[in-house]
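Let's have the full structure, built from the sequences with the hints guiding it.
Here is what each chain is made of, one letter per residue.
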Amino acid sequence: KQEVTQIPAALSVPEGENLVLNCSFTDSAIYNLQWFRQDPGKGLTSLLLIQSSQREQTSGRLNASLDKSSGRSTLYIAASQPGDSATYLCAVRPNTNAGKSTFGDGTTLTVKP
Amino acid sequence: NAGVTQTPKFRILKIGQSMTLQCTQDMNHNYMYWYRQDPGMGLKLIYYSVGAGITDKGEVPNGYNVSRSTTEDFPLRLELAAPSQTSVYFCASRLGQTGVGTQYFGPGTRLTVL
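First to last, the protein sequences are chains A and B. Per the numbering used here, the very first residue in the first sequence carries number 87; after that it's consecutive. Per the numbering used here, the very first residue in the second sequence carries number 9; after that it's consecutive.
Keep in mind the hints are simulated off the structure, nothing from the lab. Be careful, since some hints might not be right.
Said to hold, decoys possible - Listed next, the in silico DSS-like pairs over lysine-lysine satisfying Cα-Cα at most 30 Å (straight line): (1) A:K154 x B:K52; (2) A:K154 x B:K65; (3) A:K186 x B:K17; (4) B:K22 x A:K87; (5) B:K52 x A:K186; (6) B:K65 x A:K128; (7) B:K52 x A:K128; (8) A:K128 x B:K17; (9) A:K128 x B:K22; (10) B:K65 x A:K186; (11) A:K128 x A:K87; (12) B:K65 x A:K198.
Written out as structure tokens, the structure is:
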């Protein structure tokens with residue numbers, strides 16, 4: 087059974103810092119990995135999706151990397167802003183069953199002005 | 009473009025009551041999902057559907073039922089509400105037969121069972 091872990095559970099940084107969020111998974115036979123943002127009381131917004139054949143994806147100040155062999159993904163946020171404060175979740179989709187993603191519990195990020 | 013819509017946004021139920029959570033998507037996505045999210049936790053898959061007329065259980069299906077009579081709609085039914093079903097419920101959809109494609113989420117339904 088796939089297990090997805092996100093450490094730390096919470097992170098607080100001053101504005102302007104570069105930071106890395108971590109996502110690890112136990113079964114490397116994945117089809118893709120997706121990073122989401124969730125604001126309090128809201129739904130999930132997709133940030134980046136990395137296919138298993140890719141090493142990284144970039145969107146603006148965000149860069150997500152994937153190392154399937156080690157079961158790890160990182161989300162790098164450059165020059166953090168207070169508006170980046172949210173919970174960030176990663177989700178892994180296996181290549182054995184295209185329907186079922188497994189989610190981590192998320193990292194709650196607070197960027198202080 | 010509405011995307012994925014869910015109704016209601018909030019609901020309080022008494023133990024033993026029933027209700028249906030509605031989910032509609034206008035993107036012609038074939039895959040649809042229901043998740044629940046408990047406080048401080050990630051999402052757990054309840055049921056999913058790969059197309060109209062086809063549904064399957066996820067990780068935590070007990071106490072729930074679904075149907076998929078159209079591509080657009082994927083309602084989730086709670087028959088006998090229990091306090092353990094207090095949670096936030098999210099519906100999602102995506103396009104693709106083989107796993108490609110971003111999941112799009114609705115805004116969620118916050119359910120409390122007292």
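Hint check results:
| no. | hint | result |
| --- | --- | --- |
| 1 | A:K154 x B:K52 | holds (23 Å) |
| 2 | A:K154 x B:K65 | holds (27 Å) |
| 3 | A:K186 x B:K17 | holds (25 Å) |
| 4 | B:K22 x A:K87 | violated (35 Å) |
| 5 | B:K52 x A:K186 | holds (10 Å) |
| 6 | B:K65 x A:K128 | holds (25 Å) |
| 7 | B:K52 x A:K128 | holds (16 Å) |
| 8 | A:K128 x B:K17 | holds (10 Å) |
| 9 | A:K128 x B:K22 | holds (24 Å) |
| 10 | B:K65 x A:K186 | holds (10 Å) |
| 11 | A:K128 x A:K87 | holds (28 Å) |
| 12 | B:K65 x A:K198 | violated (42 Å) |
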